[in-house]
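Asks: If you want the building blocks of each chain, they are given just below.
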Amino acid sequence: MTLKKVIQKLVIYLILLTWSFIVIFPFYWLFTTSLKQPLNVSRGPKYVPTWDYEPTWEHWEYLFDEQKDTTWRHFRNSLIAATGSMFLSVFIGAMGGYGLSRFQYYWKPLKWRNDNIAFWIISQRFLPPALFVVPFLLLYTKLDLIDTHIGLIIAYTMFNIPFAVWIMRDFFNQLPTEMEDSALVDGATRWGAFTRIVMPLSTPGLVSVAIFSFVFSWNEFLYALMLTNFDAITMPILIAGQNNTRGVQWWFISALTLTAVVPVILMGLFLQRFITRGLVAGALKG
Amino acid sequence: MRRVVILVLLLAMLAVSGTVTTTAQDKPFEGQKVVVVTQTGRSIGGPVEDYAPEWEEMTGGEVELQQFAFGELYEKMITSFETGSIDYDVLIYPADWAGDFMAPGYLEPMSQEALEAIDVDDVIPLYSQRITAWGDTVYAFPYDGDSHMMYYRKDLVDGGEYAAEFEEKYGYPLAEPKTWQQYRDIAEFFNNREVETAGETFPIYGVLEAQRRGAQSYWVFLSRAASYAKIPGNPCFFFSCDDMTPQVNNPGWVRALEGYMDIAQFGPPEMINYDVADTRVHFPAGTSVLNIDWGDVGPISINPDASIIKGDVGFGVLPGVDEYWDYEKGEWVAEYNQAPFIAFGGWIISVAAGSDVKEAALDFAQFMARPELVKVLAVSPDTGINPARYSQLEDISLWVEAGFDEESAADYLDAILNTINHPNAVLDLRITGSAEYLDALDVEVSRAVAGEISAQEALDNVAAQWDAITDRLGREAQLEQYRAAVGWEG
Amino acid sequence: MLRRQSQAEQPERGTREDRIMKRVFLSPTVALLLALSIFPMIWSLGISITDMQRGGSTTQREAAVEGRTAEGAGFLGQSYSITTRNYSQLFKDERLHIAARNTLFYVIVGVAVQYLIGFALAIVLNQEFFGRSFFRTLFLLPMMMTPVAAAYTGRMMFDSRVSPIAHVLRMVSRWLERDKTIVAPWLTDTDWARVTIVLIDSWQWIPFMTLILLAGLQAIPDDIYEAARVDGANALQLFRRITFPLMLPVSATVILIRGLEIFKIIDIIVVTTGGGPGSSTESLTMYIFSVALTFGNYGYAAAISYMLLVLVIIFATVFLALVRLAQTSRVRTAT
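Protein sequences, first through last, are from chains A, B and C.
Our numbering puts the first residue of the first sequence at 2, with every later residue one more than the last.
Our numbering puts the first residue of the second sequence at -9, with every later residue one more than the last.
Our numbering puts the first residue of the third sequence at 19, with every later residue one more than the last.
The shape of chain A in the complex, shown without the other chains:
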């Protein structure tokens, strides 16, 4: 190895370690804060449990023992909303993407073809959510969807669909058509070809759609706040709610944040190798 190479490696590791520190330290801080007594938070930074303060598990016990019903209700609702919207988004997104990739559409009134339709779909993702506040509330009230799991799932699916269709369309565009064509020739129906041949071949695309749908729905705050009252209320609301008349309850926020992040990380780790390829298929299209 030449000196230049060595220096280059050193620089790389220096950057990596610096950024790793920036990424990890807040998580570490959350963990230590979740073990602190209030006075250990308000009286200056304490860094290492047992070294400069006496750790306590009482906040965790409070959330997962005394308050376990409340914590679990929020957690479960998040899980239902995120998983439900994930499956719906993947399915509807794959259908839409497949349609736009394999058929030619033409909508006369505006002279729209596939590309215009695709653009219209993706543009829906970027509409300011503020545009919908009042009508959404009224619509949901009329349909009796306020504070229901299904209501939240539908709303999140609406938000996830544009990306899902976009990514899947690009994915299918790059997927050779020979296999489904021969299946069609052999007498398979379109639907059969789609579900039995195309879908299994598209795992990377489907997985990346699944991940981002899940993560978005899991972390969403504004619509959860607006559309749920009690039965369907989710984790981010619970976390935001830890700011009360006794000051921000840093220890509860820390514990709940760590709890909320675990399912996402597990899922990310498990499916991570698929995510890059799928997402990029969408991004590269520009």
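Don't read these hints as lab results, they were simulated from the structure.
Please note: incorrect hints may appear among the correct ones.
[Unchecked claim] Interface residues of chain A toward chain B, partial, derived using beta-carbon atoms under 8 Å:
{"#": "1", "residue": "5"}
{"#": "2", "residue": "56"}
{"#": "3", "residue": "139"}
{"#": "4", "residue": "147"}
[Stated by the list, open to error] Result set (EDC-like, lysine to aspartate or glutamate): computed pairs, CA atoms no more than 20 Å apart in a straight line:
{"#": "5", "chain 1": "C", "residue 1": "110", "chain 2": "B", "residue 2": "461"}
{"#": "6", "chain 1": "A", "residue 1": "109", "chain 2": "C", "residue 2": "36"}
{"#": "7", "chain 1": "B", "residue 1": "365", "chain 2": "B", "residue 2": "157"}
{"#": "8", "chain 1": "B", "residue 1": "300", "chain 2": "B", "residue 2": "148"}
{"#": "9", "chain 1": "B", "residue 1": "348", "chain 2": "B", "residue 2": "148"}
{"#": "10", "chain 1": "B", "residue 1": "17", "chain 2": "B", "residue 2": "52"}
{"#": "11", "chain 1": "C", "residue 1": "40", "chain 2": "A", "residue 2": "62"}
{"#": "12", "chain 1": "A", "residue 1": "69", "chain 2": "B", "residue 2": "106"}
Remember, it's a predicted structure, so these values are computed and weren't measured experimentally.
Beta carbons: idealized from backbone N, C-alpha and C, even for Gly.
Place chains B and C on chain A using the hints.
Replies: Just chains B and C now, kept in the frame of chain A:
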């Protein structure tokens, strides 16, 4: 109208019979689920968590508690009413939202029987007749009494150690501040001084006052404005009762805002981002000499888990001024004026008119508001329930048992009683749109404190916005409401 | 850059089954978007020209004082009048203008910071080194956190008294033997607060930039670099002549996505500063939500949302035009 009255009476009777039959019939509300909504945290929701099982055991009903952060609570409650999706049966909420909740009939009126069941005569009339009512109808049970008061470190201020130095510098003796000027002097005197707190010596700040935008800090500003601009004998403070002209930019208010901006230099730099919720964590941790807050700080200060200054806290009515602005005469009046601000008015309990388990909901509301329970809650450092009843305020032993020393307890209760019984006390703004009026005030005050604009500019902006809001909501309608709310008899 | 083999090359399939099926495939997407996006949008436009508000429209309330009831029961059971007051208010409302300025600040500064750091990290992660996949996964962590929690974490980090950063600054000033402790007013000074909010947002979303830019880098074939290296190009030239131009489409996409997402910023601000100090950090989305849900001024909230929509469209159009300009000028210099 007649039908409504009959219905209400009928329901009230049902409700009362419900409580009476508790003994006769074993579990009157078997299988009924009452959803209670309030703010997150132990302060207000905690007691519901703790005592609900007892009620469930007694009645067979089931209580579920839903909590939201303070910043979201109003929106959640009002949209749930407005969209007609009544998911909450019992609401525990700040009294100053009455205009938006009680006026449109979203809440169930409380019958005389229901009120007697919670021994309403024991409640201080301010709460039982004004704060829980809209017009002549009572819509809520008092739960918590709230008014702003002043806290100071009496070991430093009343102790002799600094007296000589202070008197030399300011020309009058160091004691509990009676005017905002004295309050400022004390803040200046102690700011950054090394003092002994709980056996340790470290520098202390002069004051802690909430100044964060989008939180509860505009009440702290209003507490200051009240004594500068409230005319004794004239109940109209925010607006004139003749034509709804905003008074918010008159010289009294401006001087109050200048004081509120000026005091920031004697607090921690972070203070501009502190809510009351933060200052009441830091004051008991020995951070400052002075503090403005609701009654909560009293019980917190004796809680060893949160406080290192137990027994060192002095309690006082909000300071006054030596000269106040009289907008009727258009001039400064050189008379001592004190006008405690009944900020917020406390958390009160109501039953939603649209609830489908009204009877059970009312029963649970009564259960939570009954004197025996709130008496216990008020002295507990774990809750934010402050006294609103004679039985709480007149019984010193209650407070001593909770951990106050006798002198502190007397001092604390005195400060509260003197505040709520003060003839010149100012009630919070409670008319339709109060959330919007106060938000406009909040934003502009915050801009002034951040140094973006001057006090006069800020309050002129507020006045202009208040006028716009009034016009949009209908000036006549608003005037009628405001007159009723302050009890104006022109 | 675009490969669109299948749709362009495939002849229209005329079978009856396909004519039905192509509608079946697309209709769930279109139906959902029409029902939950387009329909509310039109509804919103309608609301924006009325005097409807919480507690009764102006028309209704004035009628009530005069002792008559206003005709008809429209939206929310309110009778209303058509008015342009919401749109004329747009020009008068100083708070709105400040919020718009703040939002543009977040978008422009936020995108710039995130793109630059994100790109740099992507280049580093694209090198050969031990533990590459570990770091790639690790760097994604911030994205997993719900924004509300990220904002609270940010508040813990940037507190000027009890945060580790403040502690380090105190130690530094002691070490420098400065008389006055260095205090960084992260969230308490009007100019700093905006930047701090951008920092928190960046902490969370730089991983997104890195993820996609890295994938873009990986998609550039090695032989292009090889050829240039043979021609004697150095690292900087390689970047300028090959990496950057080839990455332009991906860059444009991520910048556009992030830019449009930042237009919606609200959670972080609500948690960290509540819009203060003063009016320095309030965003448009945040203002709209207060107007709609706290003030109940529905008509005005709808009008502001449309203004925001116009801003978003302008941003996207101008940006895309710039990208196109950059691309054509690249092509011209290359030939």
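Asks: Check each numbered hint from earlier against the structure, then list the numbers of those it violates in ascending order.
Replies: As far as the earlier hints go, 1, 2, 7, 9, 11, 12 are violated by this structure, in ascending order.
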